[in-house]
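Asks: Starting from the given sequences, assemble the full structure and let the hints guide the process.
For the protein sequence lines, the chains are A and B, in the order given.
Quick note on numbering: the UniProt record's numbering labels position 58 of the first sequence as 58, and the sequence is numbered without any gaps.
Quick note on numbering: the UniProt record's numbering labels position 63 of the second sequence as 63, and the sequence is numbered without any gaps.
Calculated directly from the structure, the hints in this document are not laboratory data.
For glycine and all other residues, C-beta sits at the position ideal for the given N, C-alpha and C.
Careful, some of the hints might be misleading.
To be verified - A few chain B residues that don't get close to chain A, going by computed Cβ distances all over 12 Å:
#1 S73
#2 L181
#3 N252
#4 L271
#5 E278
#6 Q357
Stated by the list, open to error - Examples of chain A residues lying across from chain B (beta carbon under 10 Å, computed):
#7 Q38
#8 D41
#9 F44
#10 D46
#11 L47
#12 E49
#13 E62
#14 S65
#15 T66
#16 K67
#17 E92
#18 T114
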Amino acid sequence: MAAQSTPEELRYTEDHEWVAERSEGVVRVGITEYAQDQLGDVVFVDLPEPGTEVAAGDTFGEVESTKSVSEIYAPLDGEIIAANDAVTATPELINGDPYGEGWLVELRVADPDTLEGLLDAEAYQRLTGS
Amino acid sequence: MKTPLHDVHSGLGASFTDFAGWDMPVRYSSDLAEHRAVREASGLFDLSHMGEIELTGPQAADALDYALSGKLSAVAVGRARYSMMCNERGGVVDDLVVYRLGEERYLVVANAGNAAEVSAELVRRAEGFDTIVDDRSAETALIAVQGPTSAAIVGAVSDADLAALKYFASVPTTVGGREVLLARTGYTGEDGFELFVANADAAAVWQVLTEAGEGHGLVPCGLACRDTLRLEAGMPLYGNELSADGSPFAANLGRVVRFDKEGDFVGRAALENQPEPETVLVGLTGGGRRAPRHGYRVLQGDDEVGEITSGALSPTLGHPIAMAYVPVRCSEPGTTLSADIRGRLEPVEVVALPFYQRR
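Replies: This is the structure:
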């Protein structure tokens, strides 16, 4: 398998999502390079409406490839403040640029300190064995 | 297990998946691009995980007539037939392609997951017939070239007369100086070829085909697109549409069961006494992009009436397609049913199979 990139500056979950702090208390969420590689070509993305309140671990959408479907989970408690319409219209952005244009949602987290409880890049690399 | 082409796949950057105990390429880059290549140009597949079992001897034909549901004695030398091995209950042990290589020589090609069972059953069922059953799976590699440009590619590297090589026919020839059995068969709904070669020759033949494919849009293809290709073509997959407890008639494969042949065959009594199937395999299409998948419920109104056997967003058609077993009363094309897609009911319409047919 090709080497997977795991940017140092991001946080990760065991569900193969990444979390980037955009500003105080606001994070952007997507799926990792590893996750998109496992899925194959993404053909459909279902994202929550802005304004949706979520709790960490809640299913808030799904990412579907020709081969399989993956649920996406809220990494932290908070409120969805933006969903990436570009990725809904062009799901393959997730394959092409999972950490950039392929982002999924932005979340205002209930407690910014909870961000520290997520995996760092090193821990996530250990998880995926890459 | 690894096929003799495993290193070649690694070198091409393939992602691998376990399939029936085999470490097989699931995709090289993009399943969608690979799928499209087979529809519009050609794809190169490693199918060496499949089973190849030869029967030779004066009663090879009789043994197969007894062991399988079809009338293999009626197949002309050089031709092939889609057939089935049934159990005593009339269930499907495996679906097979049987090539008649000579008056007294046949090649039975079995699915990877069933190859050992088919081989053992053929040995058992051939007892008392003057024939030798030889499982060649471990020594044999299988490479497929599938797609509209496949004849140009194979024609460039073989002396075989492809104009004379009909669909479901085979001929021994050489490719790049290596002996191959060249068959015009496949599992994609396109024109295509399957090349049976000795393990030691597999990498060389793959390389020759790759070079011949330059300029013809040939790309290596993994199992992910093989599945969407066969689904679009309405072809059953053992384990999804076919099973040891399922009826060939319910799967619309009655044509493969030849009651008109002389003598007994395994499963005959059960199949002859089987009542008309209550459920049948149908094609379903949906709108939007969320596809019903294997195991999802099919409903008519509030009533659960069946289960999806295979489903995907069709890369060629751009909408969801699926197959399902539903009661005969719901099986008429045009019937509207719904599929429970992870808790949301989505309308689906019964359609005639296949979903896709090449022009």
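Asks: Compare the structure with each hint and give your call.
Replies: Verification of the hints:
No Cβ of chain A comes within 12 Å of the Cβ of B/S73; the nearest lies about 41 Å off, and the non-interface call holds. The claim that B/L181 lies off the interface holds: its Cβ sits roughly 31 Å from the closest Cβ of chain A, which is beyond the 12 Å cut-off. Distance check for B/N252 against chain A: the nearest CB is about 25 Å away, which clears 12 Å, and the non-interface claim stands. Non-interface call for B/L271 relative to chain A: holds, since the shortest CB-CB distance, roughly 35 Å, exceeds 12 Å.
Against the 12 Å criterion, B/E278 stays outside the reach of chain A, whose nearest CB is about 30 Å from its own CB. Distance to chain A confirms B/Q357 as a non-interface residue, since its nearest Cβ pair spans about 20 Å, more than 12 Å. Of the supplied interface hints, the one on A/Q38 holds, with its beta-carbon coming within about 8 Å of a beta-carbon of chain B, less than 10 Å. At its closest, the beta carbon of A/D41 sits 4 Å from a beta carbon of chain B; the interface hint therefore holds under the 10 Å criterion.
Look at A/F44: its Cβ gets to within about 4 Å of chain B, closer than 10 Å, so that hint holds up. A hinted interface residue such as A/D46 counts as satisfied when its beta carbon comes closer than 10 Å to some beta carbon of chain B; here the least separation is about 8 Å, so the hint holds. Given the 10 Å rule on beta carbons, the hint for A/L47 is violated: about 13 Å separates it from the nearest Cβ of chain B. With its C-beta approaching chain B no nearer than about 15 Å, A/E49 sits outside the 10 Å limit, and its interface hint is violated.
About 7 Å separates the beta-carbon of A/E62 from the nearest beta-carbon of chain B, less than 10 Å, and the hint is met. A hinted interface residue such as A/S65 counts as satisfied when its beta carbon comes closer than 10 Å to some beta carbon of chain B; here the least separation is about 8 Å, so the hint holds. A cut of 10 Å between beta carbons decides the hint on A/T66: the least distance to chain B is about 5 Å, and the hint holds. Here the hint on A/K67 is kept, as its CB sits about 5 Å from the closest CB of chain B, short of 10 Å.
The beta carbon of A/E92 comes within 8 Å of a beta carbon in chain B, closer than 10 Å, and the hint placing it at the interface holds. For the restraint placing A/T114 at the interface with chain B, the shortest Cβ-Cβ distance is roughly 28 Å, beyond the 10 Å limit, so the hint is violated.
Of the numbered hints stated above, those contradicted by the structure are hints 11, 12, 18, listed in ascending order.
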